[in-house]
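Student: With the sequences and hints as input, model every part of the structure.
Under full-length UniProt numbering, the residue at position 146 of the sequence shown is numbered 146, and the numbers go up by one with no gaps.
Bear in mind the hints are in silico, worked out from the structure with no lab data behind them. A couple of the hints might just be wrong.
The following label-pair restraints were derived from C-beta to C-beta distances [what the hints assert, rightly or not]:
1. A233 with S71: 13 to 23 Å
2. E271 with P189: 34 to 44 Å
3. R54 with E210: 31 to 41 Å
4. E240 with G94: 27 to 37 Å
5. P243 with A117: 11 to 21 Å
6. S74 with L249: 19 to 29 Å
7. R92 with T226: 19 to 29 Å
8. D88 with D206: 37 to 47 Å
9. G252 with E119: 32 to 42 Å
10. E271 with R199: 14 to 24 Å
11. D91 with T228: 32 to 42 Å
12. R236 with D216: 15 to 25 Å
13. R244 with P96: 15 to 25 Å
14. H207 with E240: 13 to 23 Å
Note that CB positions come from ideal geometry on N, CA and C, so glycine has one too.
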Amino acid sequence: MANGSELVVGPPVPAALRYSTGSRRGKAMTTTAPVVLLHGQPGDHSAWDGVLERLPSSVRALAWDRPGYGSSESAGGTLEENAVWLLDRLDRAGIPDAVLAGHSYGGGVALAAAAIAPERVRGLISIAGVWPGCVTRWDGVLAAPVVGPALAVGMWSMMPRLARWHRARHPDAVASWHAFADIRHEHSPVWRTVLLEQRELFGSLDHWVERLDTTDMPALIIADPTDTVVPVAAARALHERFPRSRLELVSGGGHLLPQRIPDVIAAKIGEFVDSVG
1 MANGSELVVG PPVPAALRYS TGSRRGKAMT TTAPVVLLHG QPGDHSAWDG
51 VLERLPSSVR ALAWDRPGYG SSESAGGTLE ENAVWLLDRL DRAGIPDAVL
101 AGHSYGGGVA LAAAAIAPER VRGLISIAGV WPGCVTRWDG VLAAPVVGPA
151 LAVGMWSMMP RLARWHRARH PDAVASWHAF ADIRHEHSPV WRTVLLEQRE
201 LFGSLDHWVE RLDTTDMPAL IIADPTDTVV PVAAARALHE RFPRSRLELV
251 SGGGHLLPQR IPDVIAAKIG EFVDSVG
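Tutor: Below, the structure is given as C-alpha cells:
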C-alpha cells in the first residue's frame, strides 16, 4: 500500500511491528525480518515498484523515500544523517532489526547504518551499491565547489525536456525519469540533495567502510558487469570485505537493476531474506 512517502508490501505483522494501514496484497503471516528497500539518487520509493510486485509472499518489504527525495519531509543529508534517519524509522515502526537492501547510493546508506548499529541489521543486500573507489571523474566534477553546482544547474535545466523525450520513446521508462522531470531550477531540494550526496562519496564513504564490522554479517552483493555507473570492481571489493557474502552477477540491467530486471532482483532478495530468517 502506498502511504505518502512509503510503500509497504507483504503479510500482516504482529501488533508490535504494525505501523501501516495495510498491505498491497494479503499474504500469510511471517516471522522473518522485514526487508527495507533504499533507493538511489535521485528518485523515490517508486523505483522499487517492480520488485515489490514480484517479491515472494513470505517477504515483508518496506520502501521509504530517503531524506530529500519524493514526499519525505526530511531535508537531504549526509550518509550518517541518512543512516540515523533510517534507524529512527525502524524505531518508530517498532522493528528491532531488518534486512537492508540498498541500490546505488542507497547501498552506501545501508553500509553506514550497519556500521552504526550492526545489531539492527539482520543482513545486507547491495544492488549496484556504491563502494570506495567507484567514483568517476564526473562524480568529482559534481562534488567540486562552484564548478559542480554551476554544471548541475545547466544539466538539471535540461532534464524535463530529456525526460519527456525519453518517455515518449520508452513508455515503460523507469521511475527515476519522473524524478528528473520534476527538477526545475537550481534551488530544487532534490538538486541540493544530489550535490550533497556526491560530496559524501568523496568525504565520508571510506570512513563508514572502515568502521564496518563485517565478520558475522550475511551479505548479498548483486551487480551487472555492464554497469557503467558503479563498476563491477566495486561489487567484487565488497564481496571480499564480507566473509559471509555471496556475489551474484546478473545481466540485462546495467546500473538500474531494480527497474530493468525486477523479477531477477525480487527472486534474489526473497532467497536471501529466507536464508537469514
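Student: Now tell me if each hint is right for this structure.
Tutor: Outcome of the hint check:
1. A233 with S71: 13 to 23 Å: Violated: the Cβ-Cβ distance is about 35 Å, outside 13 to 23 Å.
2. E271 with P189: 34 to 44 Å: Between E271 and P189, where Cβ atoms are some 37 Å apart, the hint holds.
3. R54 with E210: 31 to 41 Å: 36 Å, holds
4. E240 with G94: 27 to 37 Å: 36 Å, holds
5. P243 with A117: 11 to 21 Å: Given range 11 to 21 Å: holds, Cβ gap about 20 Å.
6. S74 with L249: 19 to 29 Å: 35 Å, violated
7. R92 with T226: 19 to 29 Å: Since the Cβ atoms of R92 and T226 sit about 39 Å apart, the hinted range of 19 to 29 Å is violated.
8. D88 with D206: 37 to 47 Å: With Cβ atoms ~25 Å apart, the hint is violated.
9. G252 with E119: 32 to 42 Å: 36 Å, holds
10. E271 with R199: 14 to 24 Å: 36 Å, violated
11. D91 with T228: 32 to 42 Å: 38 Å, holds
12. R236 with D216: 15 to 25 Å: The hint (15 to 25 Å, Cβ to Cβ) holds, given that R236 and D216 are roughly 21 Å apart.
13. R244 with P96: 15 to 25 Å: Given range 15 to 25 Å: holds, Cβ gap about 21 Å.
14. H207 with E240: 13 to 23 Å: At roughly 19 Å between Cβ atoms, E240 and H207 fall inside 13 to 23 Å, so the hint holds.
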